[in-house]
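Novice: Chain residues, written in single-letter form:
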Amino acid sequence: MAKKSGKEKVSNEINAGSMADIAFLLLIFFLVTTTMDQDKGLLVKLPPYVENTEQIDVKINKRNLFTVLVNANDQLLVRGEVTDVNALRDKAKEFILNPNNAEDMAISPSKAIISLKNDRGTHYDKYIAVYNELKSAYTELRDETAMRKFNKHMDDLPSAKQDTIKNMIPMILSEAESTNFGEERK
Amino acid sequence: MPTFQKKRGKTSPAISTASLPDIIFMLLFFFMTVTVMRNSELKVTVKIPEATELTKLEKKSLVNFIYIGVPNAQWQATRGTSPQIQLGDKFATVADIPLFLEQHKIKVPENQRAAIITSLKIDKDMTMGIVSDVKFELRKYNQLKVNYSARMRAGDKFK
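Protein chains in written order, with our numbering: chain B, 1 to 186; chain D, 1 to 159.
Calculated from the structure, these hints are not laboratory results.
Where chain D lies over chain B, by a calculated footprint (3+ residues, C-beta under 8 Å):
#, region
1, 19-32
2, 39-46
3, 125-133
Idealized CB from N, CA, C, for every residue including glycine.
Can you build the whole structure from these sequences, using the hints too?
Specialist: Right, dumping it as C-alpha cells:
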C-alpha cells in the first residue's frame, strides 16, 4: 500500500467558519416569514339554533330589557332614544347596576337583558363598535364589583372568585334576527 | 504636570467572533419557534375593525378562519366587487360552510372538539347581511364559539 505523504498535515476538523453564514441565511428566512400579529378578537357565544321558529312567549319585565337598535344608517336607538355610541357604555352600566333604584331600570344585575338588533345594511364596523361597548360595560361593572368586594382587580382574582362575580353580573345579550330595510353592499 | 500619555503600540486584540454563530443560532431558534406559516393566501381584502375587549386566540389548531371581504384587485375581473366569503384558500358560499367546518373538525382530537373556535375575519366596511347569513349557518351547524377578529384600538391602554 502506498503511504500517503503528509498525512499529518490533513486536519480532521471541519471548518466552522461558514456556519455563521448558514445560520444567518436561515435566520433571515425566518425573519421574513414570521408574522408576529396575534389573533385577537371579540369572543362571542352564539345562541343555539332552534328548529321551530314559533313565537314562544317569554314574560320579560320590560324594565329589565335594554334594547339597542342599529339601523342601516348606523344610527343607534337605545330604549327608544337616539344615542351616540360613546354614550352607550355609561347608559348600559347605569341600566344594569341601577344605583338609584329607578323604576324603569333592571331589578338586579342578574335580571338585566340586553337585546341587540341590527339591520342587514348596518356596517360591520358599527356593529363591532356597539358590541364592544356593551361588552366593556360588563367588564367595567365586574371590575368595579371585584374592587368593592375583594379589593382587587378582576384579572388578579383567582378563577373561583371571578366566577362568583360573573354569576353576580352575568352577561345576557340576546341578538334578534336582523331587519331588512336598509341596502346591503352589493 | 502629569500628562496623560497615549499608549502607543499596544493595539487591542481583535474581537473574537467565535461566539457569533451561537448568538445567531439562538436568534434563529427563537424565530423558528415563533413562526407561524401562513397557510392560506388571502383572496379578499380584509381590514379588521378596532375594538378594546379583545380575547387572544390561544390554540391555533382549534381555530378555523372564515374571511369575508371584497375580492382583491387580481380577482375582481372574474369575481366582481361584491362581498365574498373565503374558506381556506377558495372562494365559497354560505352553503359550503358546514363542509368546511366538518373538514376542520375531523383533524381535531375528539375530546377537544367542543373548544373549536371560528374566527371571523371580516372587513369593516361589510354590511351585516352577509355576516348574519354566516352566523346563521354557524348556529345551524352548532358551531357557537365565534371570535370576531379585531385589533386593539389605538390610544387605549395596552392590556
